[in-house]
Amino acid sequence: MSLDKATVAKIARLARIKVPDDDLAALAGELSNILDWIEQLNEVDTRDVPPMTHVAAMKLKWRQDEVTGAAPRDDVIADAPEERDGFFTVPKVLE
Amino acid sequence: MAGLADLTLAEARDGLRNKDFSALELAEAEITAVEAARGLNAFITETPERALAQAQRSDARLAKGEGLALDGLPLAIKDLFCTEGTLTTAASHILDGFTPRYESTVTAKLWAAGAVMLGKTNLDEFAMGSSSTQSHYGPVENPWRKAGEDRPLVPGGSSGGSAAAVAARAGLGATGTDTGGSIRQPASFCGVVGMKPTYGRCSRFGIVAFASSLDQAGPFARTVRDCAILLGAMAGYDPRDSTSADVEVPDFEAALSGDVRGLKVGIPDEYRVDGMGGEIEKLWRQGIDWLEGAGAETVEISLPHTRYALPCYYILAPAEASANLARYDGVRYGLRVPGDSIDEMYENTRAEGFGQEVKRRVLIGTYVLSAGYYDAYYLKAQRVRTLISRDFTEAFEKADVILTPTTPSAAFAVGEKMDDPIAMYLNDVFTVPASLAGLPGISLPAGLSEAGLPLGLQLIGRAFDEETVLRTAGVLEDAAAFDARPGRGVGE
Numbered sequence: 001m002s003l004d005k006a007t008v009a010k011i012a013r014l015a016r017i018k019v020p021d022d023d024l025a026a027l028a029g030e031l032s033n034i035l036d037w038i039e040q041l042n043e044v045d046t047r048d049v050p051p052m053t054h055v056a057a058m059k060l061k062w063r064q065d066e067v068t069g070a071a072p073r074d075d076v077i078a079d080a081p082e083e084r085d086g087f088f089t090v091p092k093v094l095e
Numbered sequence: 001m002a003g004l005a006d007l008t009l010a011e012a013r014d015g016l017r018n019k020d021f022s023a024l025e026l027a028e029a030e031i032t033a034v035e036a037a038r039g040l041n042a043f044i045t046e047t048p049e050r051a052l053a054q055a056q057r058s059d060a061r062l063a064k065g066e067g068l069a070l071d072g073l074p075l076a077i078k079d080l081f082c083t084e085g086t087l088t089t090a091a092s093h094i095l096d097g098f099t100p101r102y103e104s105t106v107t108a109k110l111w112a113a114g115a116v117m118l119g120k121t122n123l124d125e126f127a128m129g130s131s132s133t134q135s136h137y138g139p140v141e142n143p144w145r146k147a148g149e150d151r152p153l154v155p156g157g158s159s160g161g162s163a164a165a166v167a168a169r170a171g172l173g174a175t176g177t178d179t180g181g182s183i184r185q186p187a188s189f190c191g192v193v194g195m196k197p198t199y200g201r202c203s204r205f206g207i208v209a210f211a212s213s214l215d216q217a218g219p220f221a222r223t224v225r226d227c228a229i230l231l232g233a234m235a236g237y238d239p240r241d242s243t244s245a246d247v248e249v250p251d252f253e254a255a256l257s258g259d260v261r262g263l264k265v266g267i268p269d270e271y272r273v274d275g276m277g278g279e280i281e282k283l284w285r286q287g288i289d290w291l292e293g294a295g296a297e298t299v300e301i302s303l304p305h306t307r308y309a310l311p312c313y314y315i316l317a318p319a320e321a322s323a324n325l326a327r328y329d330g331v332r333y334g335l336r337v338p339g340d341s342i343d344e345m346y347e348n349t350r351a352e353g354f355g356q357e358v359k360r361r362v363l364i365g366t367y368v369l370s371a372g373y374y375d376a377y378y379l380k381a382q383r384v385r386t387l388i389s390r391d392f393t394e395a396f397e398k399a400d401v402i403l404t405p406t407t408p409s410a411a412f413a414v415g416e417k418m419d420d421p422i423a424m425y426l427n428d429v430f431t432v433p434a435s436l437a438g439l440p441g442i443s444l445p446a447g448l449s450e451a452g453l454p455l456g457l458q459l460i461g462r463a464f465d466e467e468t469v470l471r472t473a474g475v476l477e478d479a480a481a482f483d484a485r486p487g488r489g490v491g492e
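Protein sequence lines correspond, in order, to chains Z and F. Okay, so the first sequence: first residue is 1 according to my numbering, each after it adds one. Okay, so the second sequence: first residue is 1 according to my numbering, each after it adds one.
Don't take every hint at face value.
Computed list of lysine-lysine pairs in DSBU-like fashion (alpha-carbon distance at most 35 Å, straight line) [as the list claims (entries may be wrong)]:
| no. | chain 1 | residue 1 | chain 2 | residue 2 |
| --- | --- | --- | --- | --- |
| 1 | F | K417 | F | K282 |
| 2 | F | K146 | F | K398 |
| 3 | Z | K18 | Z | K92 |
| 4 | Z | K5 | F | K19 |
| 5 | Z | K59 | Z | K5 |
| 6 | F | K264 | Z | K59 |
| 7 | Z | K10 | F | K417 |
| 8 | F | K19 | F | K146 |
| 9 | F | K282 | F | K146 |
| 10 | F | K398 | Z | K59 |
| 11 | Z | K18 | F | K64 |
| 12 | F | K19 | F | K64 |
| 13 | F | K146 | Z | K61 |
| 14 | Z | K5 | Z | K18 |
| 15 | F | K264 | F | K398 |
| 16 | F | K282 | F | K264 |
Calculated Cβ distances over 10 Å to all of chain Z for the following chain F residues [said to hold, decoys possible]:
| no. | residue |
| --- | --- |
| 17 | A36 |
| 18 | Q56 |
| 19 | L68 |
| 20 | H136 |
| 21 | A147 |
| 22 | G236 |
| 23 | P239 |
| 24 | R272 |
| 25 | G278 |
| 26 | E292 |
| 27 | A294 |
| 28 | V299 |
| 29 | R307 |
| 30 | P311 |
| 31 | R332 |
| 32 | R350 |
Computed footprint of chain F on chain Z; a stretch qualifies when at least three of its residues, placed anywhere within it, have a C-beta under 8 Å from a C-beta of chain F [to be verified]:
| no. | region |
| --- | --- |
| 33 | 14-20 |
| 34 | 28-38 |
| 35 | 49-59 |
| 36 | 79-90 |
Simulated from the structure, these hints should not be mistaken for lab results. A virtual CB, placed ideally from N, CA and C, is assigned to each residue, including glycine.
Extracted from the complex, chain Z is given alone in its bound form (with noise of 0.2 Å):
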């Protein structure tokens, strides 16, 4: 599978990554590497085979719906970037 440049921008822009447009054709050629190699899985046929999400047949446990805890504030903001009042501070995200 050929990934073309404008390709790996829309990925990288999914991915909330960026990748300077001199670096576009590169990882491109490496990602198509990446996905010619995948592509084998196709001579498998997996008519009717089941998609497997899960390893080990378990069921998810249910809990008692009870406050438990919660970390605490200071906890949760000591290694942040930027914070202030105990909030976590960022670019504006409204316009």
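Position chain F against the provided structure of chain Z, taking the given hints into account.
Coordinates of chain F only, in the frame set by chain Z:
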């Protein structure tokens, strides 16, 4: 007392109980060993003060005859486990300064059993790699070198720091994580024992997530018995991990009966791959002879979808990684690179914070999950995963345990295989299938290559049957009598 670092975990445990030496003396010997091994770059963070404080508490308990299961035993911890109050980096620039305010379940269990923390070991960034060269903190070196050569070799990955530390006698044991082979492959390259238990056996709570349906914590040590001891302390149901299996933890050490008479050992035809070195094939044969000599019976089995395991993994793991790594955005912890808008901040932070291999995998993962491609790639890979798992289920009707080589080669030089990501991925060809099927697997050192490097054999078992895997491994270990030491270990 440098000789203390040479003991096995079981010997140290007995020595402490017999009061041959104190936990403090043992910790001091190990701290010296960690310092001596600095040239390997196996540790990102050393925690000697914590180790000494823990050792003193161990001594107090031992003196009263109230020693806990792992009291006083110094361990190295892969820097993917959140350790409260100690820097946890996942070997990534994007987690600069991250100091967890909580402890992972697996490490909490180790400290509750009295173990002592020597430090956090180096790894491939976010557990993505097979060489431990993809680290923001520089590559890890294997304490083994080829006979007559000076070139540094890789310890394997992603848990290369843990494997190298144990091989260099800088820690009686270590924790690692294994997603596609990240414990077993470095164990093979470093000549130590490493085990990935059944998916769900150990809690993933507090472990920096790479691929949630594949990640598993597991032990490294120099003997099978030591791994059994560590696994017993690490394993157990955890309600905070929704994928944790609510099953009893057996006494893994008690499983080491040394008896494999009548055991059926499966030899999978499809693991004879092109390009597999002659010495790997020879070691595999030798493993078969050893087990037959001990009364086991080998049976030829087929795992027909083996060759599709790697491409299947390289769709599923990156896809899950792209979701798990979405949280690293510069908002709440770690690196933040400013931007004019919030999106720009995300894009700049992640571009600078993630290394090359991580970016590759996040982008592949994003692509295979994107609209229009999800069915063709991700869903397809999940169906292939079902077939791979079924192969094992059918094989285990004829066999009780499966014997394979762990890796297609011995350790390679730092810098090799860097040009082609796929060449690097092929290191995991024998380990990935058991990961996809969620089955327990162990690697133990079985011999040396012609160049004098360790080679490992792998045993794979039924789900939650670590006991049979350990029992068989113990017998192989006795037969192999592997006692070679790396050149760059302690006291060289």
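* To do: Report the numbers of all earlier hints that the structure fails to satisfy, in ascending order.
  => The structure conflicts with hints 2, 4, 5, 8, 11, 13, 23, 29, 30, 31 and 32, although it agrees with all the remaining ones.
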